[in-house]
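**Q** Residue numbers (this note's numbering), protein chains in the order written: chain A, 1 to 114; chain B, 1 to 110.
A portion of the hints provided could be inaccurate.
[Stated by the list, open to error] Cross-link-like lysine-lysine pairs, in silico, DSS-like; alpha carbons within 27 Å at most:
1) A:Lys9 with B:Lys97
2) A:Lys71 with A:Lys9
3) A:Lys71 with B:Lys42
4) B:Lys56 with A:Lys102
5) A:Lys57 with A:Lys71
6) B:Lys97 with B:Lys68
7) B:Lys42 with A:Lys9
8) A:Lys102 with A:Lys71
9) A:Lys9 with B:Lys71
10) B:Lys42 with B:Lys97
11) B:Lys68 with A:Lys102
12) A:Lys102 with A:Lys9
13) B:Lys97 with B:Lys56
14) B:Lys42 with A:Lys102
15) A:Lys57 with B:Lys42
16) B:Lys97 with A:Lys57
17) B:Lys97 with A:Lys102
18) B:Lys68 with B:Lys56
19) B:Lys42 with A:Lys14
20) B:Lys97 with A:Lys71
[Claimed, not checked] On the chain B side, residues computed to face chain A include the following (Cβ under 8 Å):
21) Lys42
22) Phe89
23) Ala102
24) Ala107
No lab work stands behind these hints, which were simulated from the structure alone. Think of the CB as a built atom: it goes at the ideal place given N, C-alpha and C, for glycine as much as any other residue.
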Amino acid sequence: NAGVTQTPKFQVLKTGQSMTLQCAQDMNHNSMYWYRQDPGMGLRLIYYSASEGTTDKGEVPNGYNVSRLNKREFSLRLESAAPSQTSVYFCASSEMWGENEKLFFGSGTQLSVL
Amino acid sequence: GESVGLHLPTLSVQEGDNSIINCAYSNSASDYFIWYKQESGKGPQFIIDIRSNMDKRQGQRVTVLLNKTVKHLSLQIAATQPGDSAVYFCAETPSNKLIFGAGTRLAVHP
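Pulled out of the complex, with its shape left as it was, chain B reads as follows (with noise of 0.2 Å):
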């Protein structure tokens, strides 16, 4: 079946570096797209999300680049902090159901 995948497992940054968490999905068909953060323990929290008819949407900190050429996805985070440690999903919907990739695990060092 269709899928969504992430490149890199674990991504370790420094303190007030940026981060780019990216993801690849699979559906052509797929005209929306969420980005969300888990952190231990908790649920899956909205970040951000783009439709196919954008390239780049920006929020606080957080920006999602979009290329549909590729089917690729990017999260990239700016000045990441300590709070910014969780895993990230991508998630797309080719069928009114969200898929969800595996998730990235991103860590913050001081």
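The shape of chain A in the complex, shown without the other chains (with noise of 0.2 Å):
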């Protein structure tokens, strides 16, 4: 059982490069979200989808989009790469929205945009 599966694990960009983060997970999970990491703060939320075919902005949406392409997959995308996303960023997901209930994390995104 893999659970939530991340790729690619490391990525480096310009300044101005696009690219799509993928994210699966194989537990049947009703929601999903994605998160970045930076050092010396806790995981912020920068969008999240609740159920398949609905996405919503998170704390930290600026420059990012997302798809819930179906019920296993979330990808996020950079349109336009900028330094301030270098980030470590973690796709996670949970049986229900709003049900308090623990995420399941991916071992992570390493993204460096120089």
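Assemble the dimeric complex from its two separately framed chains, guided by the hints.
**A** Here is the structure:
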């Protein structure tokens, strides 16, 4: 059982380049999330999808877009990468939205924007 | 905005000792709290959770204590082992979304 799988694990971009981070979960969870983690700070929510077909902004959505492709997959896109987006990105999933349930996290994508 | 904070950024303990990691939360409306462990290069891993109608919950070698009066959460790890070395995050849910603290690094020395 793989849980939450993210690709790629590492990525280096130049300012202005675009890329998509992929995430898939095999736990039949309804809700999925994208977080970023910066040194000395907690995880901050970028976007979330409470259920298939819906997406909503989190705490720090600027510069990002998301797509809930199906129940399993939730992608994060950077249309024009900026150095401020250098971070570690984590995808997570939970069984239900708003039910105070624990999140299961992927292993992260380390992104550097030069 | 609301935030979750931690008292100690780094905690060093001897192997075999008990560890206590503290967390202060700011939103009195939060009714669910989680502790996560993050090892280097990995994603956060669920340790234990507690709901606001409880003040203590025990797991395997871990205990979470909740003091709603002073908005304080703690994670106790019994007989700390080298494998416990990691960053520990507390998180609260004031509005259906988890809000994470900055984390405390636990270093276990032989």
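**Q** Does lysine 68 (chain B) pair with lysine 56 (chain B) here, judged by a C-alpha cut-off of 27 Å?
**A** Holds: lysine 68 (chain B) and lysine 56 (chain B) sit about 11 Å apart, inside 27 Å.
**Q** Is the hinted pair lysine 9 (chain A) and lysine 71 (chain B) satisfied, with a Cα-Cα distance of at most 27 Å?
**A** violated, 37 Å
**Q** So, alanine 102 (chain B) near chain A? Judge it on the closest CB pair being under 8 Å.
**A** OK, holds: alanine 102 (chain B) within 8 Å of chain A, min 5 Å.
**Q** Holds or violated: lysine 9 (chain A) with lysine 97 (chain B), Cα cutoff 27 Å?
**A** holds, 25 Å
**Q** Can alanine 107 (chain B) be said to touch chain A, with a Cβ gap under 8 Å?
**A** This hint is violated: alanine 107 (chain B) lies away from chain A, its Cβ roughly 17 Å from the closest one there, beyond 8 Å.
**Q** Is lysine 97 (chain B) close enough to lysine 102 (chain A), meaning Cα to Cα at most 27 Å?
**A** Status holds; Cα separation ~11 Å.
**Q** Does the alpha-carbon distance linking lysine 102 (chain A) and lysine 9 (chain A) stay inside the 27 Å limit?
**A** Holds, at about 23 Å.
**Q** Does lysine 71 (chain A) sit within 27 Å of lysine 102 (chain A), going by the straight-line distance between their CA atoms?
**A** holds, 18 Å
**Q** Decide if the proposed pair is consistent with the structure: lysine 97 (chain B) and lysine 71 (chain A), CA atoms, cutoff 27 Å inclusive.
**A** holds, 20 Å
**Q** Is lysine 97 (chain B) within 27 Å of lysine 68 (chain B), Cα to Cα?
**A** Holds: lysine 97 (chain B) and lysine 68 (chain B) sit about 19 Å apart, inside 27 Å.
**Q** For the pair we were handed, lysine 97 (chain B) and lysine 57 (chain A), check the Cα-Cα distance against 27 Å.
**A** Holds, at roughly 11 Å.
**Q** Take a quick look at whether lysine 97 (chain B) and lysine 56 (chain B) sit within 27 Å of each other, Cα to Cα.
**A** Distance of about 22 Å is within 27 Å: holds.
In the structure shown, a violation is registered for the earlier hints numbered 9, 24, in ascending order.
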